[in-house]
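2 protein chains.
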Amino acid sequence: MVLPKEIPSSAEEYLDSQIHSKLPISSILIIIAMQTEALPLVEKFQLSEDQKSVFPKEVPWVRYHGIYRNLQINLIWPGKDSALGVDSVGTISASLVTYASIQALHPDLIINAGTAGAFKAKGASIGDVFLVSECAFHDRRIPIPVFDLYGVGLKQALKTPNLHKELDFKVGKLSTGDSLDMSMQDEASILANDATVKDMEGAAVAYVADMFKVPAIFVKAVTDIVDGEKPTAEEFLQNLATVSAALDQAVTQVIDFISGKCIHEL
Amino acid sequence: MVLPKEIPSSAEEYLDSQIHSKLPISSILIIIAMQTEALPLVEKFQLSEDQKSVFPKEVPWVRYHGIYRNLQINLIWPGKDSALGVDSVGTISASLVTYASIQALHPDLIINAGTAGAFKAKGASIGDVFLVSECAFHDRRIPIPVFDLYGVGLKQALKTPNLHKELDFKVGKLSTGDSLDMSMQDEASILANDATVKDMEGAAVAYVADMFKVPAIFVKAVTDIVDGEKPTAEEFLQNLATVSAALDQAVTQVIDFISGKCIHEL
Chain A
27 MVLPKEIPSS AEEYLDSQIH SKLPISSILI IIAMQTEALP LVEKFQLSED
77 QKSVFPKEVP WVRYHGIYRN LQINLIWPGK DSALGVDSVG TISASLVTYA
127 SIQALHPDLI INAGTAGAFK AKGASIGDVF LVSECAFHDR RIPIPVFDLY
177 GVGLKQALKT PNLHKELDFK VGKLSTGDSL DMSMQDEASI LANDATVKDM
227 EGAAVAYVAD MFKVPAIFVK AVTDIVDGEK PTAEEFLQNL ATVSAALDQA
277 VTQVIDFISG KCIHEL
Chain B
27 MVLPKEIPSS AEEYLDSQIH SKLPISSILI IIAMQTEALP LVEKFQLSED
77 QKSVFPKEVP WVRYHGIYRN LQINLIWPGK DSALGVDSVG TISASLVTYA
127 SIQALHPDLI INAGTAGAFK AKGASIGDVF LVSECAFHDR RIPIPVFDLY
177 GVGLKQALKT PNLHKELDFK VGKLSTGDSL DMSMQDEASI LANDATVKDM
227 EGAAVAYVAD MFKVPAIFVK AVTDIVDGEK PTAEEFLQNL ATVSAALDQA
277 VTQVIDFISG KCIHEL
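So the sequences go chain by chain: A and B.
Just so we're aligned: 268 in this note's numbering is position 242 of the first sequence, and the numbers increase by one with no gaps anywhere.
Just so we're aligned: 198 in this note's numbering is position 172 of the second sequence, and the numbers increase by one with no gaps anywhere.
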């Protein structure tokens, strides 16, 4: 998005100007934690991997970029851990790449996409795609007044009523933590967060996006039923590839819908 | 530290060149999560608050800087959460400020200082100061092979045998998590990490420092006994001010020892 002629003085004014801007969205930052989730979208949007990284040479973060339907797409995958070779999942990598990408790329809109767990008691099934209404953490318990709220870290996703009308996704609250499994304390916090969907990155992306007042939406596809019979890790690995395909289809629908629209039209 | 004439090509070579450099340490980055812990050191070292921040204007992070005993000291406090007004504690803020400070300030050495919980079963008492030998996480359970190790995120602190000999601190392993309290699962992971000390930032600072191969040491002063009778939050708040004084004295001793020395002399 071209900056308005009068540059707003505060981040909040900037968000306000973004949301009410009549200029169509031009630059989208997609953050995806796992390579298996990211690569089909890279292919779909015909993105190229950076030859000369916008990030410091020491980090494993990978940027794929290109133009799709008049949108500048930057898809960031935090890459493989340099010592262990596994995807750099979780809140620390997610917050770092969100921070560095906002600094380097100045996106109009962030989309955090990924697979997630969800609760059948809240109506979720394997393969469902959720648009998230709000994000919070479930593993940051700080039982001191006000610090408790900081730990929960509740952030609203961008409101997208027209996107909801157009696309047949479920809507639910997201709770984020750095464990794939769920302890009793995690479960109690997830219930307190009234969350349907559970992931390992969303609230961290939301924290940094909110800091810079960049509108953010969260698209999460369900690989495992948290309150079901099967162990999470097993169910997650079993469904990762097929659900990633559903996720990628959903993200494509979202991007197709966004193309040509302003933030306030979403 | 002045860069060696031949600039090393990789981060590891750089760490190697740092550790074996015969040039004295010139720039130290101190990362402290809470204002109560930070301000006495700001006064002690007569540091000034940045007038023009080296960080983006949207973040609450505060840099205090100055020269103390020929050392360029940058003390970074992540500041107050802009919505809630409490210190930005925990791993996300710690990793973000470590990342942004390394990028902006290129320190020779990082010192993460702070108050912490500790285990009396491992010989700790209130007011003890620990030099940390290694850091790991206790709240990132990912029960998939290799991802489990990524979750634990074990990183070594810089080895400082001479500092140990000179100063009468205890030595122990540190375990980091985003909760002030401790669930059964946290406790099991802390035991598996063989940790004596428990904090909310150390392993996150270690993760980013390791990424950029900046040597890091961790100085932690005990505010609460995790395996004791009193509730952690109550004991923590009761001891925060007095133990912060012990912490600041310890950090001063460490900085005094560092002054004029190379990394490999620590």
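It is possible that part of the hints are untrue.
In this list, chains with the same sequence are indistinguishable; a pair is considered to hold if it fits within one copy or across any two.
[Unchecked claim] The calculated lysine-lysine pairs, modelled on DSSO-like cross-linking and capped at a C-alpha distance of 30 Å, are:
id : residue 1 : residue 2
1  : K287      : K146
2  : K239      : K256
3  : K78       : K239
4  : K287      : K191
5  : K106      : K239
6  : K287      : K83
7  : K196      : K78
8  : K287      : K239
9  : K106      : K148
10 : K106      : K199
11 : K146      : K78
12 : K106      : K287
13 : K239      : K48
14 : K83       : K239
15 : K256      : K70
16 : K78       : K148
17 : K185      : K106
18 : K148      : K48
By construction, these hints were calculated from the structure, which means they are not laboratory data.
- Can you tell me if K106 and K239 fall within 30 Å by alpha carbon in one copy, between copies, both or neither? both (28 Å within a copy, 17 Å between copies)
- Message: Within a copy, between copies, both or neither: which one fits K239 and K48 at a CA-CA cutoff of 30 Å?
- Response: within (18 Å within a copy, 46 Å between copies)
- Message: I want to check one pair: K148 and K48. Are their C-alpha atoms no more than 30 Å apart within a copy, between two copies, both, or neither?
- Response: Result: close neither inside a copy nor across copies, 37 Å intra and 62 Å inter.
- Item | K287 and K191: within-copy, between-copy, both or neither at 30 Å Cα | within (15 Å within a copy, 65 Å between copies)
- Query: From the Cα coordinates, with 30 Å as the cut-off, is the pair K106 and K287 best called within, between, both, or neither?
  - Reply: neither (34 Å within a copy, 36 Å between copies)
- Using 30 Å as the alpha carbon limit, work out where K287 and K239 are close: within a copy, between copies, both or neither. So K287 and K239 pass the 30 Å test inside one copy only (19 Å; across, 44 Å).
- Check K256 against K70 for me: Cα-Cα at most 30 Å, and say if that holds within a copy, between copies, both or neither. Answer is neither; intra-copy 32 Å and inter-copy 57 Å both fail.
- Identical-chain pair category, K146 with K78, by Cα at 30 Å: neither (45 Å within a copy, 51 Å between copies)
- Query: When no copy is named, should K196 and K78 be tagged within, between, both, or neither for a Cα gap of at most 30 Å?
  - Reply: Answer is neither; intra-copy 39 Å and inter-copy 46 Å both fail.
- Query: With identical chains treated as interchangeable, where does the CA-CA distance between K78 and K239 reach 30 Å or less: within a copy, between copies, both, or neither?
  - Reply: both (28 Å within a copy, 21 Å between copies)
- Item | Status of K148 relative to K78 across identical chains (alpha carbons, at most 30 Å) | Neither. Shortest intra-copy (45 Å) and inter-copy (49 Å) distances fail the 30 Å Cα cut-off.
- Is the C-alpha distance from K106 to K148 at most 30 Å within one copy, between copies, in both cases, or in neither? neither (33 Å within a copy, 35 Å between copies)
Going down the numbered hints, you'll see the structure goes against 1, 2, 7, 9, 11, 12, 15, 16, 18, while the others check out.
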